[in-house]
Structure formats: structure tokens, C-alpha cells
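Each chain is listed here by its residues.
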Amino acid sequence: MSGYPKGGYMQKILRVDLSEREISEELLGSDLLSQYIGGTGLGVRLLYDELKPGIDPFSSENRLIFMTGPLNGTLVPGSGTYAVISRNTLTGLATAAQANGFFGARLKYAGYDAIIVQGCSEGPVYLHIEDGKAEIVDASGLVGKDSFETDMLLRKKYGEDGIEDRISVAAIGPAGEKRVRFACIVSDRGHIAASGGVGAIMGSKNLKAIVVHGDRGVPIDPLEKEAFLQCVKQWREEAQNTAMGKTVDKYGSIGFFIPYHSRRWVPVKNLTTNVFPGEECFEGEYIRGKLHRMQPRSCHGCTFHHCHTVEVRKGPYKGTVGEEPEYEILAGFGPNWGIYDPGAVTMLNSLNDQLGMDAKEASFMISMIMEGYEKGIIRKQEIDGIDLKWGNVEAAAELLKRISRREGIGDLLAEGVMRAAHQLGGEFLDMAVFVKRGNAPHIHDPRVRWGTLFTQAISNTGSQEGVDMTSRGSPELGIEKPTSEPDEYLGEVQAKTGPARQFAECLIFCYYQSCSLKTMAQTLNCLTGADYDVEDCLKVGRRVINLLRMFNKREGMTKEDDCFSSRLGQPPMDGPGKGKSWVPTFEKARNAYYRAMGWGEDGMPTRETLEKLDLGFTIPMLPK
Amino acid sequence: MPKQLKIFFEKCIGCKSCELACSMTNEKEMNANKSRITVISFIEGKYPLPSNIPFTCKQCADAPCLSSCPVDAISRAKDKMKTVVINWERCIGCGKCVGACPFGAMLFDKQKKKAFKCELCEGEPACASICPTGAILFGQQKLFYSKAPALQIEGFSILSQRNRENLRQTKSEK
Numbered sequence: 001m002s003g004y005p006k007g008g009y010m011q012k013i014l015r016v017d018l019s020e021r022e023i024s025e026e027l028l029g030s031d032l033l034s035q036y037i038g039g040t041g042l043g044v045r046l047l048y049d050e051l052k053p054g055i056d057p058f059s060s061e062n063r064l065i066f067m068t069g070p071l072n073g074t075l076v077p078g079s080g081t082y083a084v085i086s087r088n089t090l091t092g093l094a095t096a097a098q099a100n101g102f103f104g105a106r107l108k109y110a111g112y113d114a115i116i117v118q119g120c121s122e123g124p125v126y127l128h129i130e131d132g133k134a135e136i137v138d139a140s141g142l143v144g145k146d147s148f149e150t151d152m153l154l155r156k157k158y159g160e161d162g163i164e165d166r167i168s169v170a171a172i173g174p175a176g177e178k179r180v181r182f183a184c185i186v187s188d189r190g191h192i193a194a195s196g197g198v199g200a201i202m203g204s205k206n207l208k209a210i211v212v213h214g215d216r217g218v219p220i221d222p223l224e225k226e227a228f229l230q231c232v233k234q235w236r237e238e239a240q241n242t243a244m245g246k247t248v249d250k251y252g253s254i255g256f257f258i259p260y261h262s263r264r265w266v267p268v269k270n271l272t273t274n275v276f277p278g279e280e281c282f283e284g285e286y287i288r289g290k291l292h293r294m295q296p297r298s299c300h301g302c303t304f305h306h307c308h309t310v311e312v313r314k315g316p317y318k319g320t321v322g323e324e325p326e327y328e329i330l331a332g333f334g335p336n337w338g339i340y341d342p343g344a345v346t347m348l349n350s351l352n353d354q355l356g357m358d359a360k361e362a363s364f365m366i367s368m369i370m371e372g373y374e375k376g377i378i379r380k381q382e383i384d385g386i387d388l389k390w391g392n393v394e395a396a397a398e399l400l401k402r403i404s405r406r407e408g409i410g411d412l413l414a415e416g417v418m419r420a421a422h423q424l425g426g427e428f429l430d431m432a433v434f435v436k437r438g439n440a441p442h443i444h445d446p447r448v449r450w451g452t453l454f455t456q457a458i459s460n461t462g463s464q465e466g467v468d469m470t471s472r473g474s475p476e477l478g479i480e481k482p483t484s485e486p487d488e489y490l491g492e493v494q495a496k497t498g499p500a501r502q503f504a505e506c507l508i509f510c511y512y513q514s515c516s517l518k519t520m521a522q523t524l525n526c527l528t529g530a531d532y533d534v535e536d537c538l539k540v541g542r543r544v545i546n547l548l549r550m551f552n553k554r555e556g557m558t559k560e561d562d563c564f565s566s567r568l569g570q571p572p573m574d575g576p577g578k579g580k581s582w583v584p585t586f587e588k589a590r591n592a593y594y595r596a597m598g599w600g601e602d603g604m605p606t607r608e609t610l611e612k613l614d615l616g617f618t619i620p621m622l623p624k
Numbered sequence: 625m626p627k628q629l630k631i632f633f634e635k636c637i638g639c640k641s642c643e644l645a646c647s648m649t650n651e652k653e654m655n656a657n658k659s660r661i662t663v664i665s666f667i668e669g670k671y672p673l674p675s676n677i678p679f680t681c682k683q684c685a686d687a688p689c690l691s692s693c694p695v696d697a698i699s700r701a702k703d704k705m706k707t708v709v710i711n712w713e714r715c716i717g718c719g720k721c722v723g724a725c726p727f728g729a730m731l732f733d734k735q736k737k738k739a740f741k742c743e744l745c746e747g748e749p750a751c752a753s754i755c756p757t758g759a760i761l762f763g764q765q766k767l768f769y770s771k772a773p774a775l776q777i778e779g780f781s782i783l784s785q786r787n788r789e790n791l792r793q794t795k796s797e798k
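First to last, the sequence lines map onto chains A and B.
Sequential numbering of the first sequence, starting at 1, is according to the numbering used here.
Sequential numbering of the second sequence, starting at 625, is according to the numbering used here.
Keep in mind the hints are simulated off the structure, nothing from the lab.
Glycine included, every Cβ here is placed at the ideal spot set by N, Cα and C.
Careful, some of the hints might be misleading.
Derived lysine-lysine pairs resembling DSS-like cross-links, with alpha carbons at most 30 Å apart [unchecked claim]:
#, chain 1, residue 1, chain 2, residue 2
1, A, Lys157, B, Lys627
2, B, Lys706, B, Lys798
3, A, Lys156, B, Lys771
4, A, Lys225, B, Lys704
5, A, Lys233, B, Lys670
6, A, Lys481, A, Lys578
7, B, Lys706, B, Lys737
8, A, Lys12, B, Lys734
9, A, Lys318, A, Lys389
10, B, Lys734, A, Lys225
11, A, Lys318, B, Lys734
12, A, Lys250, A, Lys518
13, B, Lys635, A, Lys233
14, B, Lys771, B, Lys702
15, A, Lys225, A, Lys133
16, B, Lys652, A, Lys225
17, A, Lys52, A, Lys612
18, A, Lys233, B, Lys798
19, A, Lys6, B, Lys737
20, B, Lys652, A, Lys133
21, A, Lys496, A, Lys539
22, B, Lys635, B, Lys706
23, A, Lys559, A, Lys580
24, A, Lys133, B, Lys734
25, B, Lys630, A, Lys250
26, B, Lys704, B, Lys630
27, A, Lys539, A, Lys612
28, B, Lys737, A, Lys157
Computed beta-carbon distance windows for the label pairs [as the list claims (entries may be wrong)]:
#, chain 1, residue 1, chain 2, residue 2, range
29, A, Gln11, B, Phe768, 42 to 48 Å
30, B, Glu778, A, Leu223, 43 to 49 Å
31, A, Pro277, B, Phe768, 54 to 60 Å
32, A, Lys233, B, Gly728, 27 to 33 Å
33, A, Asp215, B, Ala701, 26 to 32 Å
34, A, Gln11, B, Ala701, 36 to 42 Å
35, A, Asp487, B, Asn650, 54 to 60 Å
36, A, Lys233, B, Lys704, 57 to 63 Å
To list a few chain A residues with every Cβ distance to chain B over 12 Å, as calculated [unchecked claim]:
#, residue
37, Asp17
38, Ile163
39, Leu223
40, Glu226
Based on the provided sequences and hints, a complete structural model is requested.
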């Protein structure tokens, strides 16, 4: 395609080799851009091309790819997002983690669509990128500093004192430096690229932080200006009028807590029960109206009253200042640990962000140990004398700190839920909550949230959550009725929603700012001069899912990895899902999904499917 | 009363959409550095801070920029908003107006070497129309005179400077 793209892209990627201390710029071909667009899609393609099979995620040969897409940094709502793509430290398969905030937008303002980090620095360094120039700077002064402090120090060095003005920092905390397998990358103070241990990989490269700022604008064809503004207005309107958008605008994702609890989707005490007392303390109205004093701190182009910095106004953690927890963390650091004080969750959430760890893994890790402690399977002296009873906030905080420093028992727990359970052995294998080859799922009790558990099990990155169609259909995707049962129909629906979700991750924007595929395609066409219709968008999504499958196949994944741990297969004790389990029908649904995706019974794409999706280059990976 | 931009900073969430909408409308590119409106988010200090504050031109009735221009490039438009406008053909890029504005609303384009400012998008300000929370509205408002607020800003700085100096002397006497 000549003359493509007309706008949207900065048309340059930055390659940083930390071993050689070399920085270079590269161009991406227009075919690659039109086939993968950006974000997770393009990142996975680069990873597939560049990575040798079978390398250790912590080896210097592994790549850490920071990707944006054409819409980032524009007026599209929530377009400050970026994706981090690498090899997953927990599963050894692929990972793609996303973070909102401003970093994605500002990486483009600094002049680049993407950063590929390779090699490993001898001493600690950070990367400073400004106006199309990049430098590797010594970071020995930042070693051991938490993620928020690192952010503030670098912001002050390159930006203006005490204000957040057109500069972004993505940093790892102590957990990343110590290669805790589920360490995350924290950007813009509190926006986290969480999944797959991307922070640990950054730590293994001795890269403490990346600072981006600049005065480049995102290119747009001046003739398309009006049309683009119209598309953006349409997008904003649609996003504000979804049920999800309305809830998030009013209460943030905290607003999901009560409806989820009424369906028994909230994880309680490591999934040993589904009910807990004091649900009224977790109501959006109570938390936003009475518990917290709030200061809005939104992401790039957001239209919602979503992210806030808050101060706890009452209870034992009165005076604590932190970021408002999202629903999953509220559930994961609250009821899942037997903690029924949301003020304590605010404290724990901030602590965990500062240490730089993925909340999903941290939640199911500590809940597992708590369950073991309460059942007397693990004794106090084995966990460094910490009294890890259900609901002990200080004990949980202490354990988080120990994990981040790999101190005492923390060294074992830093390996993630599955590895720790194998090491501890015995009943822990039945208590561990994980999917695939060992990463924690999103923080729900997914045993009656059939679609969620299914998408986590078949997800190629282990973390992607599916489009939940349990309560409605989607005419745009040809889904007529809701999926209410764990059956083959759910597998077929996933084959339709999966590509839509994957396409959105190629554009990469905040999940809460979702709109119709038609509007996404129009906006993209307007900006880049492409000609996608809804079917083309879904094809891009399918292409990326298939490529991810082939990447994982190359790393030894089989059908048996599309699964979940035994705790997730046990039927809930109470609530509407009492006695129900995914196990009896799971295989049937999985096969239905494989068929609908055009895959063989082994759960891998067929030659025809790959050829149709321009993935011919992966065919040598198939058995002859 | 002329129609003007009204800013309610307590409603601002800091999404910075206004900056992009402005540069898109006036410069045909999405670049916050070319925006006539700026949102500063203060992130340091004791909680709670009045954190997100949008700043832009107030089209002063006694505009210091207008009277400071040596080549009469700045004038008051004969529209209903009584907008203060710059004639780029006349502007010599001397920057006197940038120094004269007490509110930091007169900006300078480093590439074109000309001053630029909010001219209210010919009566349909893009910032007000994109703002998702109603922090920026376009409506009738009393004329704004710069003199008193400008002296107030100067006064704040003189007083805090003086107090800090006193404190420093007291401490060094000890």
C-alpha cells in the first residue's frame, strides 16, 4: 500500500540494546501496519519475528516491547494506553499487559510508536526519551526506590516541580528489581501494566524506568480534520452511554461490586465461600460518598469520573492517601483475604503499587497462604512468624513487603501461585488458583462466571479477559442470545467476541471507553487513510489470536495448557452456582471453540486457517 | 455582556482533551504544545490539592498584551465576544506581549516565531465543546479587567517572598 498510513503513526520505532548501549531507529513497513495495526497485535508480530524459541524470559535475548497504536495520543477517549509485550515469566508463553494513563500518548509525543528493549545493562539505568532523542542514563541513585518515588524524582528532574505537565514515567518498584515473577510496570503513578511479569523482565534488564516527553503532535491529514472530530464525538457518546460507561462515570469500577456480589462473582477467602458479611461497606455510594475524599486524576482523554487520588476519612486507616482501588483489587485485597474494611484495601493497594507487583497474583498468593495457615497446613514459624489469619491487614502488608524483597518466605512466594503451590506441595495444590501453566486469573470467583473462566483458560496471554456476553447478545458480532450456561454455545460465542477484543487491543485504548466496532473502524480509517470494515477488523483480531497461538506452540504449548487449576474446577459452596462446575462440559465447549476458530482437535490452527490470515510464515511450525 | 469562556476548575478531571481539541481546531494537528488552553495537574503537596486547573486567555477589557504591542498587531475584534486577536502578518515576534500577560495566556510559537493566543474559535470554542464534565463552558459573562487580579498575583509573590526572607533572617540569627 503506497502512501499508507496518512496519519496516526509517528512512523518510527526505537530500538535500545542495553548490552551494547546502542540506540537506533527503525521504520515499519506499511504492510505490517495494515495487517497488525499496532498495540498488542504489532507487538506480538515483532516478538514472533525477533525471539528465538525456548529462551529464558529473564535472559538478555528476551525482548521487552512497549507498543502504542495509531489512535494513541489523539482525541479518542482513553487513548493514553500502551501495551507491553514479552515472554511471560510465569508461563513461558507470550504476555501482553496494558496500562492506561498518559504514557502511551506521550511516547508518541516524544516521537516514537514503540520501544524495543533488548540486551541487559551491567548496572542500573533508565531511559530518557525526548523529542526524537533517546539516552541511557545511570540509575544507581534510584535503586531500591519504590515506583511512585522513582516517578516523582524523574518527573522533577525533567519536568517542572510538583506538577504533572506533559511528562510521563514508567518505572518498576523493588519487586521488579528483585525479579519477583509477577512484578509489574507502574506508569503515571498508579496505572499498571500488570500481567505476565513484565516488571520482572524490565528488572532483569537492569532498566529501572523510562521517561517520555516531547512536543511532537500526532499527524493527521488536514482534510480529514472535521471527519475525525465527528468520529471522536460519536465514539465518546457511545462510550458514555453503555451501561458499563454509566456505572464507571458514577462510581468507578467500584460500582460493579454490589451487582457482582449479588451473582456471587466476588472472590471470598480464596474461593472457599461466596458470601461475606458487610457488603454495604463496598457500595460505590458509601466508598465515594463517605469513606473517601477524592481528587480526580483522569487518564488521557477520559470522559468519566473514574480514576481518583483519595484520602481515607474514617476507620483505622484514616488519613491514608492513595489511588482509588479498582473493583478487582477491592475484591482481591478485601473479601478474598477476609478483609471487610475498604479503607484497608486502599492502603494495601497503594502499598502493592509502590512495591510494583501484579494484584492478581498477589491476591491469590496471599489468600492461598492464608487458607493454608487457617487450616493448620502451614505453621507460623514457616512463614517467618507472621500471623496470617483471615482479615489480618498488617500481616498481609508485611508479607507483600517480604515478597517484594524476596526475604524469608517471600523468596518462595515471589515465584507465583503455581510454583509456590508445587514447592509447598500437598493440599496447596488443591488450593492454588491459576490458569494455563501458572498465572493467576483476573480477580473474580469465575466458577459461576462461565465466560470469564473460559476466556482465561483459552487466552493466549493468560490474562486477557473476554467480552462477557452472559447477560446480553451482540447483533454486531452475530450473537443473538446471551450465554447463560457452560455449554458449547459459549465456546462458539468466544470465537466471535475474542477477535473483537483482540482488535481493540491492537488499537489500544481504555477498556471502559468501548464503542461499536463500526465506530472504531471509521475513526481508524479517517486517521490513517485505511479502508477497514467490521469484517476486516475481526480478521485482524483473528490474525493476532492465531499468531499468538503459533508463538505459544513454538514455546511448547499444547491443548492441555488451555485449562485451569483444580480449585477453579470445584463447585462453589453456596450462592446461585452451588454445586455447579465447569469441569463436566469444559472439554466439549473447548472443542466447539477450536472448531469455530478453524483449529484442529489439538487446539492449534490448521494450515488453511493460517494461510487465510496471511500467517503462512508460521506454517513450518505445524507437524508435517 | 459578551460571551466568554467560564472555567470551573473544581469540575476538571485533568483529561486534557481540551488541549488537543484546541490544537486540532487551530493548528490542524493534535499537539498539546500548540494549544491555547493548558491544564496543569498539581501532584505534590498535602492532600487534597486543587489539583487540575485549566488556564487560558480571559480576553481582558484592559488587555495588557494589546497595549504592549509596538506594531499594533494586537487588536480587539468587532465581534460579540470582544475577542483580543493577533494579526500574524503584522506580528514581528518581539515577545513583548508574552511578557506583558500576567496570566501566562499569551503563548509563543518557536517555529513560526510569532505570538499566539485563544481567539475563541470564531464563537465556537473547541475546548468547551469537548469538555466531558462541564468544567469549561462558553457563556455570557461580565467583562474581565486584568489590573486588580494581576496586582493580586504580584502581591502574593511579594508577600511570600517577604515572609520567607523574615523567616530566613530569624533562623540565621539563632
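C-beta pair Pro277 (chain A), Phe768 (chain B): status relative to the range 54 to 60 Å that was hinted: holds, 56 Å
Run the distance test for Lys706 (chain B) versus Lys798 (chain B): straight-line Cα separation, threshold 30 Å. violated, 57 Å
Taking the Cβ atom of Glu778 (chain B) and the Cβ atom of Leu223 (chain A), is their distance within the range 43 to 49 Å? Holds: the Cβ-Cβ distance is about 46 Å, inside 43 to 49 Å.
Range hint 42 to 48 Å: satisfied by the CB atoms of Gln11 (chain A) and Phe768 (chain B)? holds, 43 Å
Non-interface claim for Leu223 (chain A) versus chain B (Cβ beyond 12 Å): Non-interface label fails for Leu223 (chain A): nearest chain B Cβ at 9 Å, not farther than 12 Å.
Does the hinted range 27 to 33 Å hold for Lys233 (chain A) and Gly728 (chain B) at CB? Holds - the Cβ-Cβ distance for Lys233 (chain A) and Gly728 (chain B), about 30 Å, lies within 27 to 33 Å.
Has the given pair, Lys652 (chain B) with Lys225 (chain A), been kept, meaning a C-alpha gap of at most 30 Å? holds, 7 Å
If you draw a straight line from the CA of Lys771 (chain B) to the CA of Lys702 (chain B), is it 30 Å or shorter? holds, 23 Å
Quick one: are Gln11 (chain A) and Ala701 (chain B) within 36 to 42 Å, going by C-beta? holds, 39 Å
Could you say whether the range 26 to 32 Å given as a hint is met by the Cβ separation of Asp215 (chain A) and Ala701 (chain B)? holds, 29 Å
Is the Cα-Cα distance between Lys737 (chain B) and Lys157 (chain A) 30 Å or less? Measuring from Cα to Cα gives roughly 28 Å; hence the hint holds.
Distance restraint between Lys12 (chain A) and Lys734 (chain B), which requires alpha-carbon spacing of 30 Å or less: Between Lys12 (chain A) and Lys734 (chain B) the Cα gap is close to 24 Å, so the pair holds against 30 Å.
In terms of the numbered hints stated before, the structure departs from hints 1, 2, 3, 5, 11, 18, 36, 38, 39 and 40, listed from lowest to highest.
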